[in-house]
Amino acid sequence: MEAFLEGRSFCERWFYKLASKGLYPTIFSALGFAYIGIPASLQESIRRTLPLDTRKQMLGLLGAEGWLIVLLIITAFCAIWGGIGSNVTVSLVKKKHKEVVEDNELLKQDRDSKSINCYRLFSKYLYGYYKRFGLTNNERVSLYKLDMDVFSCIGRHSDNELFKAKPNRLYPKDEGCIAKAWELGKIQNADAPDPKENMDAWVSYNVEKFNFTGDVLKKIKMKSRSFYGFRLRNMQNDTIAVLMFESLNPHGIKFEKLNRFFNDHEKGNITHLVESLENHIPSLELARSEGF
Amino acid sequence: MKDIISNLVKYILVHYPHKSELSASRLTKMLYLADWKNSIEKASQITNAVWHFHHYGPYVDDFLKIAKEDSDINVVNTTTVFGGRKQQLELKKDFNGDIEVSSDNKKILDFVIAATKDKSYEEFITLVYSTYPVVSSSRYSDFDLVNMAQDYNLLTKDTPNKGFQQEIHGV
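Chains as they are written, first to last, in this note's numbering: chain S, 1 to 292; chain A, 1 to 171.
Hints may contain errors.
Pairwise CB distance ranges (calculated) [to be verified]:
| id | chain 1 | residue 1 | chain 2 | residue 2 | range |
| --- | --- | --- | --- | --- | --- |
| 1 | A | 123 | S | 21 | 48 to 58 Å |
| 2 | S | 17 | A | 95 | 25 to 35 Å |
| 3 | A | 138 | S | 173 | 47 to 57 Å |
| 4 | S | 285 | A | 14 | 27 to 37 Å |
Computed list of lysine-lysine pairs in DSS-like fashion (alpha-carbon distance at most 30 Å, straight line) [to be verified]:
| id | chain 1 | residue 1 | chain 2 | residue 2 |
| --- | --- | --- | --- | --- |
| 5 | A | 42 | S | 173 |
| 6 | S | 94 | A | 92 |
| 7 | A | 68 | S | 94 |
| 8 | S | 98 | A | 42 |
| 9 | S | 267 | S | 186 |
| 10 | S | 95 | A | 93 |
| 11 | A | 65 | S | 98 |
| 12 | S | 257 | S | 267 |
| 13 | S | 221 | S | 131 |
| 14 | S | 166 | S | 267 |
| 15 | S | 95 | A | 119 |
| 16 | S | 124 | A | 119 |
| 17 | A | 2 | S | 94 |
| 18 | S | 96 | A | 2 |
| 19 | S | 95 | A | 68 |
| 20 | S | 17 | A | 42 |
| 21 | A | 106 | A | 19 |
| 22 | S | 124 | S | 223 |
| 23 | S | 219 | S | 166 |
| 24 | S | 186 | S | 223 |
I should point out that these hints are in silico values taken from the structure, not numbers from a laboratory. These numbers were taken from a predicted model, which means no experiment stands behind them. All C-beta atoms, glycine included, are put in the ideal place defined by N, C-alpha and C.
Please work from the sequences and hints to get the whole structure.
Following this line, the structure appears as structure tokens:
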């Protein structure tokens, strides 16, 4: 019952909780009506099972008929409670059951679907690099694909929850570190000032070095100080993607280690993976060609 | 609004050629495509739904609810070709009522039907996931389709929207 009531107001929770306890009032009302319905001689025999002192005290408060009326009122109340309560509980459970069945259908549909979740796949692939290079909460690795005239993030990993989310924007081809890596082939930089000490200096550096705009830099969640990124080219020598490592720490990325690891063979592996999944990767170009 | 959505759903149910493909999921996403298409072309949605980036793509709770409440529409539990279960929507056999959809909305729905009718579910999903609101948003956020369409139109101002011209204007 607790799980069903999550998100409801305090009053609603208490109403449903009381309604769900309808079994005891129902039992009480059945016993009450049974007592009221039996002959007076039998009622008297039942009353005599109470201790004499208790009976005296009760009769001092109210006569036998008065107690019978009180019992009738309580019994009627319990009968209503039990009846309405079970009805309310059943309708709540039915509603929740329906929601659970619908969610279950969606899950089954997802499981049965043959579509590939490319973002998840690439993110898992990048997780391999993240672990290989011993990156920490201060680092992130992302894969960007050129789509029309913008870069979209098609995979990302960081152990830091703040930095690992799929970005809710696209990246222009003429601005920022991704654009620089795409343009020059590779970037390797750890010279940015510390934004915690001097935000203006950090902003000026990035504006000058990577052609960022001040507005964009203010919105960026991860205010990185070092970058290592390179473009990925296919057999036709067309750039199809950019892989980018970044860190909040100027010494967070071991450039030498990455330079040694990302030889032509390793770059080829990622390029082939991106190309082989080309038809499954959502792309603006595809939507545009269909008129959307 | 409930009537508008009911009529849009009925229009798709009547005009979509492969009735057995019209699962709740596909129909919801077709309405999303219609809203998105209208936002690109006319800076407005054809429904007033607030689209949410659900775990399985663009989603609005109300559509299925409205369809279920409509006495002309049957929601049938059936199986997919892979043996999984799905909820399929269909018009009642004896339905002969009027479907009130404006001519502008009909053009948009016809465009969506034409663009998706020959796609497998996987191709269809890839198309939905390729639309600008999905590509440029994080999961579990709401889509402001009209504003997003403005950004998208700026981004694609040099790329002709061929699909629309061919299907709508007969170019």
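Evaluation of the provided hints:
Distance hint check: the CB atoms of residue 123(A) and residue 21(S) are about 53 Å apart, consistent with the given range 48 to 58 Å. Between residue 17(S) and residue 95(A) the C-beta distance comes to about 44 Å, which lies outside the given range of 25 to 35 Å. Separation of residue 138(A) from residue 173(S) is about 22 Å and departs from the stated range, judged on CB atoms against 47 to 57 Å. Against the hinted window of 27 to 37 Å, the Cβ-Cβ separation of residue 285(S) and residue 14(A) comes to about 32 Å, which satisfies the hint.
This hinted pair checks out: residue 42(A) and residue 173(S) have alpha carbons roughly 28 Å apart, not beyond 30 Å. Between the alpha carbons of residue 94(S) and residue 92(A) the distance comes to roughly 26 Å, so the proposed pair stays at or under 30 Å and holds. Taken as a hint, the residue 68(A) and residue 94(S) pair is honoured in the structure, with Cα atoms around 16 Å apart against an allowance of 30 Å. Using a Cα cut-off of 30 Å, the hinted pair residue 98(S) and residue 42(A) is violated, with the two alpha carbons roughly 38 Å apart.
For the hint linking residue 267(S) to residue 186(S), the alpha-carbon distance of about 12 Å falls within 30 Å, and the restraint holds. Distance restraint check for residue 95(S) and residue 93(A): the Cα-Cα separation of roughly 28 Å lies within the 30 Å cut-off, and the hinted pair is therefore satisfied. Between residue 65(A) and residue 98(S), the direct Cα distance comes to roughly 12 Å. Compliance with the 30 Å bound is thereby established for this hinted pair. At most 30 Å may separate the alpha-carbon atoms for a hinted pair to count; residue 257(S) and residue 267(S) meet this at roughly 15 Å.
Distance restraint check for residue 221(S) and residue 131(S): the Cα-Cα separation of roughly 22 Å lies within the 30 Å cut-off, and the hinted pair is therefore satisfied. Straight-line distance between C-alpha atoms of residue 166(S) and residue 267(S) comes to about 23 Å, which keeps the hinted pair within the 30 Å bound. A hinted pair counts as satisfied when its Cα atoms are at most 30 Å apart, and residue 95(S) with residue 119(A) does not qualify at roughly 35 Å. Distance restraint check for residue 124(S) and residue 119(A): the Cα-Cα separation of roughly 29 Å lies within the 30 Å cut-off, and the hinted pair is therefore satisfied.
The suggested pairing of residue 2(A) with residue 94(S) holds, with an alpha-carbon distance near 24 Å, which does not exceed 30 Å. For the hint pairing residue 96(S) with residue 2(A), the CA-to-CA distance comes to about 23 Å; that is within 30 Å, so the pair holds. Pair hint residue 95(S) plus residue 68(A) holds up; C-alpha atoms about 14 Å apart against a cutoff of 30 Å. Between the alpha carbons of residue 17(S) and residue 42(A) the distance comes to roughly 50 Å, so the proposed pair goes past 30 Å and is violated.
For the hint pairing residue 106(A) with residue 19(A), the CA-to-CA distance comes to about 18 Å; that is within 30 Å, so the pair holds. For the given pair, residue 124(S) sits about 24 Å from residue 223(S) by alpha-carbon distance, which is consistent with the 30 Å threshold. Pair hint residue 219(S) plus residue 166(S) holds up; C-alpha atoms about 15 Å apart against a cutoff of 30 Å. At roughly 20 Å between alpha-carbon atoms, residue 186(S) and residue 223(S) fall within 30 Å of each other, so this suggested pair holds.
Checked against the numbered hints above, the structure breaks hints 2, 3, 8, 15, 20 and satisfies the rest.
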